[in-house]
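2 protein chains.
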Amino acid sequence: MLTSASSKSKAILICVGSELLRGKLNTHASHIARRLASIGLTLDEEHTVGDELGQITQAIRQGLNSYPIVFLSGGLGPTFDDISREAAAEATGCPLWRSKALMNGIKAKFRRAHFKMPDMNIRQADLLQGAEVIENRFGTAPGQWIKFSDSQVLVLFPGPPRELYPMLEDFVLPRLKRMYPRRPMAESHMHFVNVPESIIDSKVRPIIARAQKTPGVEVQFTILAQINLVDFDIFVSAAKLPLAQKVLARIEHEVRRASAGTWYGSNMDYPLEKVVGDLFRKRRASLALAESCTGGMLAARLTDIAGSSEFLQAGWVTYSNAAKVRDLGVPAQLIRAHGAVSEPVARAMAQGARKAAQTDVGLGITGIAGPGGGSPGKPVGLVYIALATEKRVSSQRFEFSGDRSSIRQRAVLAALDILRKI
Amino acid sequence: MLTSASSKSKAILICVGSELLRGKLNTHASHIARRLASIGLTLDEEHTVGDELGQITQAIRQGLNSYPIVFLSGGLGPTFDDISREAAAEATGCPLWRSKALMNGIKAKFRRAHFKMPDMNIRQADLLQGAEVIENRFGTAPGQWIKFSDSQVLVLFPGPPRELYPMLEDFVLPRLKRMYPRRPMAESHMHFVNVPESIIDSKVRPIIARAQKTPGVEVQFTILAQINLVDFDIFVSAAKLPLAQKVLARIEHEVRRASAGTWYGSNMDYPLEKVVGDLFRKRRASLALAESCTGGMLAARLTDIAGSSEFLQAGWVTYSNAAKVRDLGVPAQLIRAHGAVSEPVARAMAQGARKAAQTDVGLGITGIAGPGGGSPGKPVGLVYIALATEKRVSSQRFEFSGDRSSIRQRAVLAALDILRKI
Chain U
3 MLTSASSKSK AILICVGSEL LRGKLNTHAS HIARRLASIG LTLDEEHTVG DELGQITQAI
63 RQGLNSYPIV FLSGGLGPTF DDISREAAAE ATGCPLWRSK ALMNGIKAKF RRAHFKMPDM
123 NIRQADLLQG AEVIENRFGT APGQWIKFSD SQVLVLFPGP PRELYPMLED FVLPRLKRMY
183 PRRPMAESHM HFVNVPESII DSKVRPIIAR AQKTPGVEVQ FTILAQINLV DFDIFVSAAK
243 LPLAQKVLAR IEHEVRRASA GTWYGSNMDY PLEKVVGDLF RKRRASLALA ESCTGGMLAA
303 RLTDIAGSSE FLQAGWVTYS NAAKVRDLGV PAQLIRAHGA VSEPVARAMA QGARKAAQTD
363 VGLGITGIAG PGGGSPGKPV GLVYIALATE KRVSSQRFEF SGDRSSIRQR AVLAALDILR
423 KI
Chain F
3 MLTSASSKSK AILICVGSEL LRGKLNTHAS HIARRLASIG LTLDEEHTVG DELGQITQAI
63 RQGLNSYPIV FLSGGLGPTF DDISREAAAE ATGCPLWRSK ALMNGIKAKF RRAHFKMPDM
123 NIRQADLLQG AEVIENRFGT APGQWIKFSD SQVLVLFPGP PRELYPMLED FVLPRLKRMY
183 PRRPMAESHM HFVNVPESII DSKVRPIIAR AQKTPGVEVQ FTILAQINLV DFDIFVSAAK
243 LPLAQKVLAR IEHEVRRASA GTWYGSNMDY PLEKVVGDLF RKRRASLALA ESCTGGMLAA
303 RLTDIAGSSE FLQAGWVTYS NAAKVRDLGV PAQLIRAHGA VSEPVARAMA QGARKAAQTD
363 VGLGITGIAG PGGGSPGKPV GLVYIALATE KRVSSQRFEF SGDRSSIRQR AVLAALDILR
423 KI
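Listed in order, the protein sequences are those of chains U and F.
If you read the first sequence in my numbering, its first letter stands for residue 3, the second for the next number, and so on.
If you read the second sequence in my numbering, its first letter stands for residue 3, the second for the next number, and so on.
I should point out that these hints are in silico values taken from the structure, not numbers from a laboratory.
There may be inaccurate statements among the hints.
In this list, chains with the same sequence are indistinguishable; a pair is considered to hold if it fits within one copy or across any two.
[Unchecked claim] Dumping the calculated SDA-like pairs for lysine to any residue here, alpha-carbon to alpha-carbon at most 20 Å:
1) 357 / 328
2) 118 / 139
3) 276 / 322
4) 26 / 225
5) 26 / 270
6) 205 / 119
7) 26 / 189
Model the full assembly from the supplied sequences, consistent with the hints where possible.
This is the structure:
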C-alpha cells in the first residue's frame, strides 16, 4: 500500500474522537514522538478526526499511502460511535471477524469486576483479518497489530493514555525495534532550568543541524518545555557505537556551553525536585520551608517525590503577617519597617523556619504574585528568596514576568535551583 | 475552492512545526475548539505537519477543499524553516509581496526593544495578495486573514499561544461571527468535581444526542477533563432565544440529575478553589490548613486565586510526626496508638491548625500517597480528611486509586469539595 514514502518518513498518528475536537487535551503525539525517538524512529505527521466513518477511513487510507507505520488511537470502545475497527476494515480491505477467544476474555474481565458484560461490548471482539491482538491490561478494548509486509504495519490503540502507553511499551516498541533495526545508538536526556524555551530553540537547533551533517551519523531529538524548564532528549546512531558516542558528546558539550549554567543533569526522568531530594538525602541534611507568595507550591513540589519525608521536616505557608510573626518569629518591627515583601523579611523567614524545625537548612520565599499588590518600588513579580544554614544566610532578588501563576511557578523553580546549588 | 464541504463541516486547524512532532505539547486544538464553540462554530479536524513545504502545502490545499474556515498556526517566524507563508502562497495561488508598512512596523518593534532588526526578520513582512494583516501585540510575526469569498477564509497565525490567542479573540472571532451569523444562543458552563470523566462521557452524550433532535435547535458542547474535574460547556441556538433557553435548561437539569451531586457551578471560569474562596470571603470566615500527604498542594491551590490572603491565615506542611506534635499540638500518644495516617490524627491536625492560627475553620489531611508505605490494613491511597469548626469536628475516610500524583490530586479535590459544602 505504501506508494510515496520517502526513506525518512516513518510514522503517522491518527487520533480518532470528537471529544478531541471539543476541547479535550490530546497528549498522544507528544508521548508517542518521544517514545519512537528512543528507538530511532520519528513521528512525521499527526491527524485528529471526529467519530465519522468517512473521515476515519480516509485518514487511514492516506496514512497507509505515505507511511510505513500507521498508528491509530481511539474509537475502539463499545458504543455506537466507536467505529475505528470498521473504518480500518474498509480502508485496508481486511474484513472483520468476531474472535470467540477475545469475547471470552472480555467477559472474564467483566466477571472479575463483578459486572455482567453489556451486549454492546461484544463488538470489542471484532478483529481485522490477519491482526494480532494487543492485550489491554487496563481496559476492555484490545489493540490490534496488522502487519502488511516486512516494512509496513497498522496499529490500532484504545484512546485512554493509561491503556495505550503500556501497550506501546510492552508490545509495539519491541516489535518495531525488530522491524526497523537500528545501528548502535547513544542517547542523552538533558534538563535545563530557568531558561526560556526560545533560547533553547534558537541555540540548540543549529547545533543539531551541524551534527546531522556528520557523515554516517543520524541525529534525532525531542524537546519538551514547561514554564522555565526544558527537557531535551538526543539520540545519535552510527555504524559503530564509539562514533555515535563521540558525536553525542560533542552535541552535549556545545549545548551545555550555549545554555550557560541552566543545564542541571542528563539522567532520564530527572525533575529538579528529585535532584534536590537526592542531594539532601545523600548529605543527610534536613530542610524547612517558609512560603508566602508561593503558598505551599514548593513544598507540594518537593513532596511529589516519594521519600521526601526523609529530609523535608516542615513547611509553613505564612500568607498573613500574623503567621510570619507567630510561627516563624519574624520581628513585627521588621515587617513594619521594610514591608512583608523585602529582603530582611525573606531572611528572617528562612532563619525562623530553620530554627523552629531545627533543620540544617531553612528557605524563605516572599513576593508579589499579583495581579494586585504591586507598586512602583515593588512591582508585581518581585520575589525574594533567602537561604539559611548554620553558618550563613544568603538571599536573592528576582523580578519575574508573566501572570500570577507563571510568577509563582518561576519562583518555585528559582528556589529549587538555589537548593540544588547549595 | 470549496469542493466538498457539507453544511455541518466548519473549520480545520493545521498546526505547523517539527517541534510538535518532537515531543512539544500542542494545546491549540483544545483552545480553538472551545473558542469556536462560543460563537456556534465547530472544529472538525486537526492536522499537524512538520516544517516541510510539500507537507504544509498539501495540508492547506486539502483543508481549503473541504472546509470554509482553514486555520494555520506556526511557521511564520523569521528563520529558514518558517515556510508557512510560502506554502500558503503555493496552495492558494495568491503570490507573496513584501509590505513596506509591515516592514517598518516590525523594525519599530525591534527599536522599542532596543535591538536592531536582524535581516532575516524582513521575511515577516511578506503578505499573501489580498491578505489583511492581523496585528500581533505580543511578538513580531503578524497574522494574515485571507478571505476568498463570503463563506471561505484562510487564517495564518503565529505558533506561540500567547500571540495566537489574543489575535483569535480580538480580530478573528468577531469577523467569523459576522461571516457566519448565528441565531440567538443560550450557553452554560457546568463544572463537576470528583467524577470520573467516563461517567460524564457515557451519561452526558445521550442527553446531548436527545436534545440535538429537537426541531429548529442546534446544540454544541465541549468537554475539558482533568483528574476528577470536568468542565462541560453547552451552547444552544434557535430562531428565538426562549426556545434555546428552554432546551438548555432541560439539558442542564438532566445532566445535573445524572451527575448526582458532583456538579458545583455553572459560571464561566469557575475553578473549585475559587468557589471555596468566594464562600469564605462572603462569610468573612478564616481558614487554617494542616497537610501531611498532600504536602502543601491544597494551600498552593487555594493561593492560586488572587485575594486568598483574606481568608487563608496559615498552612502547615507537617510531613514529619515531630512537626505534627510540635506545630499542631497533636498528642504524640495519639500517633503512637493509631498511626500518623488515622482518623484521630486527622481530627487532631484540623483542631490543632484551627487553634494555632485562631481561625474559624481548620482542615487536616493525612494519608498514604505511595508508592511505598502501604499495608493490608492501611493501603496506598488511604486518606483521612478532617474539618474542625468552633462547634464540631467531622472527618471522612477515602481510598483513592492511581499513582502518587493522582492520589494527592484527588485528596486535594476531595478537601476542596468538603470546604465548599461547609
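Residue 26 and residue 225: within-copy, between-copy, both or neither at 20 Å Cα: The answer is between: 6 Å across copies meets 20 Å, while 22 Å in one copy does not.
Up to 20 Å CA-CA - residue 270 versus residue 26, copy category: Cα proximity of residue 26 and residue 270: across copies only (17 Å, versus 29 Å in one copy).
Please sort residue 118 with residue 139 into within, between, both or neither, judging by C-alpha distance up to 20 Å. Close inside one copy (19 Å), not across copies (58 Å); limit 20 Å.
Can you give me the call for residue 205 and residue 119, within, between, both or neither, at a CA distance of at most 20 Å? between (56 Å within a copy, 18 Å between copies)
One pair to classify: residue 357 and residue 328, alpha carbons no more than 20 Å apart. Within, between, both, or neither? For residue 357 and residue 328, both the intra-copy (13 Å) and inter-copy (13 Å) Cα distances are at most 20 Å.
One pair to classify: residue 276 and residue 322, alpha carbons no more than 20 Å apart. Within, between, both, or neither? Between copies, since 19 Å is at most 20 Å while 30 Å is not.
Is it within, between, both, or neither for residue 26 and residue 189, if the alpha carbons may be no more than 20 Å apart? Between copies only: 19 Å across, 33 Å inside.
In summary, this structure violates none of the numbered hints.
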